[in-house]
Amino acid sequence: PYVYSSPPPPPYVYSSPPPPPYVYKSPPPPPYVYSSPPPPPYVYSSPPPPPYVYSSPPYVYKSSPPPPYVYSSPPIY
1 PYVYSSPPPP PYVYSSPPPP PYVYKSPPPP PYVYSSPPPP PYVYSSPPPP PYVYSSPPYV
61 YKSSPPPPYV YSSPPIY
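No gaps in the numbering here: position 33 of the sequence shown is 33 in UniProt numbering, and each next residue is one more.
Hints listed in this document are in silico derivations from the structure and should not be mistaken for laboratory results. In this text the structure is predicted, and so the values were computed from the model without any measurement.
Using C-beta positions, here's what the derived DEER-type ranges look like:
1) P31 to P51: 42 to 50 Å
2) P18 to P40: 52 to 60 Å
3) P41 to P18: 57 to 65 Å
4) S26 to V3: 56 to 64 Å
5) P27 to S5: 52 to 60 Å
6) P51 to P27: 58 to 66 Å
7) P27 to P50: 53 to 61 Å
8) S6 to P29: 57 to 65 Å
A virtual CB, placed ideally from N, CA and C, is assigned to each residue, including glycine.
Turn these sequences into a full structure, and let the hints steer you where they fit.
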C-alpha cells in the first residue's frame, strides 16, 4: 500500500502567544481642578446707606387743644 514518506505535519500551532488583554497605556486624567481660585464673594464697594431718618422732628401739634365746649348763655328752663 501507498505510504507517505514524510510523517504527517504536526497540528497547526500559533507561533506567537495570544496578545495580552487590552490595557490602557496612560493613567486616567486627574479630576478636573480649576487653575484659579474661586472669586471672593461679591462685596459692594460702597457701604450701605444709613437707615432712613426723617430730617424733621416728629409732627407736633402747635396749638393746644380747644377748651371743652361751654354754653355762652345760661340754660333756659
